[in-house]
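Here the protein sequences come in this chain order: Z and G. The first sequence begins at 1 in the numbering used here and counts up one residue at a time. The second sequence begins at 1 in the numbering used here and counts up one residue at a time.
The set of hints was computed from the structure by calculation and includes no laboratory data. We treat Cβ as the ideally placed atom computed from N, Cα and C, and that holds for glycine. Be a bit skeptical, because a hint or two may be false.
As the list claims (entries may be wrong) - Here are the simulated lysine-lysine pairs, PhoX-like style, with alpha carbons at most 20 Å apart:
id: 1; chain 1: G; residue 1: Lys209; chain 2: Z; residue 2: Lys203
id: 2; chain 1: G; residue 1: Lys121; chain 2: Z; residue 2: Lys209
id: 3; chain 1: Z; residue 1: Lys121; chain 2: Z; residue 2: Lys32
To be verified - From the derived model, a few chain G residues whose C-beta atoms are all more than 10 Å from chain Z:
id: 4; residue: Glu6
id: 5; residue: Phe15
id: 6; residue: Phe17
id: 7; residue: Gly30
id: 8; residue: Arg113
id: 9; residue: Gln186
id: 10; residue: Ser188
id: 11; residue: Ala193
id: 12; residue: Ala224
id: 13; residue: Met240
id: 14; residue: Ser241
id: 15; residue: Val264
id: 16; residue: Pro310
id: 17; residue: Gly380
Number of protein chains: 2
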Amino acid sequence: MNHTSEPLLTIPRDFRFGENEADALELDCGRKLQDVNLRYECVGELAPDGGNAVLILHALSGDAHVCGRHTPEDRKPGWWDDMVGPGKPIDTNRYFVICSNVLGSCAGSTGPRSINPATGKRYNLDFPVITIRDMVRAQKRLIDHLGISRLLSVVGGSMGGMQALEWAICYPEMVQSAIPIATTAQLSPQSIAFDWVGREAIKYDPNWKNGDYEPDRVPDQGLATARMLAHITYLSDESMSRKFGRELQEHDEYGFDFQRDFAVESYLEHQGRRFVERFDANSYFYITRAMDYFDLAERADGNLARALAPAQADFLVVSFSSDWLFPTAQSRAIVHALLKNRLKVSFCEIESDYGHDAFLLETDTLGPMVSAFLRNQREGRK
Amino acid sequence: MNHTSEPLLTIPRDFRFGENEADALELDCGRKLQDVNLRYECVGELAPDGGNAVLILHALSGDAHVCGRHTPEDRKPGWWDDMVGPGKPIDTNRYFVICSNVLGSCAGSTGPRSINPATGKRYNLDFPVITIRDMVRAQKRLIDHLGISRLLSVVGGSMGGMQALEWAICYPEMVQSAIPIATTAQLSPQSIAFDWVGREAIKYDPNWKNGDYEPDRVPDQGLATARMLAHITYLSDESMSRKFGRELQEHDEYGFDFQRDFAVESYLEHQGRRFVERFDANSYFYITRAMDYFDLAERADGNLARALAPAQADFLVVSFSSDWLFPTAQSRAIVHALLKNRLKVSFCEIESDYGHDAFLLETDTLGPMVSAFLRNQREGRK
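Here chain Z stands alone, though its shape is the one from the complex (with noise of 0.2 Å):
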């Protein structure tokens, strides 16, 4: 068992499934999906009783390693290192945390840059389009492979969160507690019209060729685009006052021409060349659509509490003040849809001028509200 002194070593794992058709993944688009790998970690031991499982789910950008480091050299932690770890809100000495890549990314899971076994080349645009309902069918493989029968919590911020509604939903046996942060249970036409200008500046990208780039000549003006667009998403106008307001980045005076000329104009522009350097444009396309189709209330009429009928679990719904990407509101529909259902439903909208991005940020916040439910989830049912 880690010690906080000691630092969190994690080690990537791989877990294949469906190499026949019988075992492939059925998906929402009707098509089947055959070798497909999850890439994943865990961290902490699994207890006798296997009742301290919690499953982390990651937002868009995000991948297996939520914690830790791969080697004592590692530069920067897990994307969630301030959540997750020994001794931290969900405490790796009490809990038994796996996280994995989702369907269709490109952090080690099977994705569109992934090699199709039937043509032995890159999938590209012919990869289906999936959903967050196929992300958490394929997560389900893995939690079956684990021998996990049941998870003491599914967690997660952003995407992350349909994530842990879906699983709520799908397995609700599997489910004793569901902690979606940050999101929304159907995205709104704002944000459909965000991913859809910044899908749209790739396709722009001489480089796309509608997916079939090469891999040393990728798209990546158009992903830098999307991302500095998205990430504006993720920030407040609060925060952006707060961190950069209007300073000018290297001047005195403006320039008065069209190089970067404002520190925001400069954060935005390193923001998108980093990411380029980690992410895949087809993923983006894909997991993008993923979350553009993400309407629980759609399956029963427009009626989300009777979406949200087959739950099971206790839930702790978390919103922040200043997203306006999933604005408060929408958690209180699915806090409200959920109590119809007579659920055990903990909400808290949390104070914060970070904006969307406040789920990796307020952990001090957060942090002591996702401990106390989950002792009280692992020590309230033992």
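Since chain Z is already given, all that's left is putting chain G on it; use the hints.
Okay, now just chain G, sitting in the frame of chain Z:
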């Protein structure tokens, strides 16, 4: 004089100035512009006392054609025809209305696609980077040319409101009243960020060629992407939900592809396509940059009240509740700064879910307010 029963026909006119260096337009960047043309339209008649002139100031993509039609066959009238014309809130039976296309634009006035008299070629990115104040300096030449010594009012929404504020500060003795609508005294870092991403999309269009594009090979894909992005900021989440919701465009079910699926995607694509037919990519660069640089307070070490101190006008400031591009708080900041200068200020936040576009759409509410204010200005001081 026009009557409401007959169609209002308007005539585009050109005003050239700055043929010699002494007469050239001095700009904030330190450069001088020779051979400037302003395209403008006038409606109504100047009163014998000269006291009924109303200058209307357009937004980013507007033009001089504020109302009426150029020919009886024109399918569409000018951009603010609901507000301006005989018997309309800005009543051309009472007021002499002037509207000119801003410097840097592409609808008749001198801009980056104009011929540089020094080279005989298009300016393109050799055109000087202009400011909102530069636009107003050019308009001042036109108003002088028209023999108007004092404007009853300067009226504009969005970037038009920025110009109205500049008019009140730069030429206080010429401005009896000002109506800045849905505007700000300072572009926020969030808006700077959106402008940046829009320009990045244009920059990465292979036709862009650093602004030296051929007239038959313009960067229309980049410009369309920039426009679609900007268009999202002109609407509100509420208005998009009401107008489109998650409606699908052509099919009953998801297409499971990356074609237009949602009505909001088709709408945006249509907006982008329409925009590139009438607007120039280089002008988009220059005008968005002028807005980025707009910061009245910065001239007085961050003190907006001090920056507005020269103004003598009466003000009607209007904002819209769902405008998240220039939210009400930014109008309130203007109002507070004006009140500190003991100016007469009326302020109204109009309840609307149209977002920023409300200044073009909420004429039923905005109209009577503007009409009464103008009438009071004209009759109170006649």
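We went through each hint and held it up to the structure:
1. At roughly 19 Å between alpha-carbon atoms, G:Lys209 and Z:Lys203 fall within 20 Å of each other, so this suggested pair holds.
2. A distance of roughly 35 Å separates the Cα atoms of G:Lys121 and Z:Lys209; the hinted pair therefore is violated under the 20 Å criterion.
3. For the suggested pair Z:Lys121 and Z:Lys32, the alpha carbons sit about 17 Å apart, so the restraint of at most 20 Å is met.
4. A cut-off of 10 Å between C-beta atoms confirms that G:Glu6 is not in contact with chain Z; the least separation is 41 Å.
5. The claim that G:Phe15 lies off the interface holds: its Cβ sits roughly 25 Å from the closest Cβ of chain Z, which is beyond the 10 Å cut-off.
6. Look at G:Phe17: its CB is around 22 Å from the nearest CB on chain Z, clear of 10 Å, so calling it non-interface holds up.
7. The beta carbon of G:Gly30 is not kept farther than 10 Å from every beta carbon of chain Z, the shortest such distance being approximately 8 Å.
8. At roughly 16 Å, the least C-beta separation between G:Arg113 and chain Z is larger than 10 Å, which holds for a residue marked as non-interface.
9. Remark: the non-interface label on G:Gln186 conflicts with the geometry, its nearest Cβ contact in chain Z lying 7 Å away (cut-off 10 Å).
10. Separation of G:Ser188 from chain Z is inadequate, the least Cβ-Cβ distance of about 6 Å not exceeding the 10 Å criterion.
11. Taking the minimum C-beta to C-beta distance to chain Z, about 5 Å, the non-interface status of G:Ala193 is violated against the 10 Å cut.
12. The claim that G:Ala224 lies off the interface is violated: its Cβ sits roughly 8 Å from the closest Cβ of chain Z, which falls inside the 10 Å cut-off.
13. Its closest Cβ contact with chain Z, about 4 Å, brings G:Met240 to no more than 10 Å, contrary to its assignment away from the interface.
14. Not every beta carbon of chain Z lies more than 10 Å from that of G:Ser241, the smallest distance being close to 6 Å; the non-interface claim is violated.
15. Chain Z draws G:Val264 into its interface by the beta-carbon criterion, the shortest separation being 4 Å against a cut-off of 10 Å.
16. For G:Pro310, the non-interface assignment is confirmed: its Cβ lies about 22 Å from the closest Cβ of chain Z, beyond the 10 Å cut-off.
17. Interface exclusion of G:Gly380 from chain Z stands, the closest Cβ pair being 38 Å apart, more than 10 Å.
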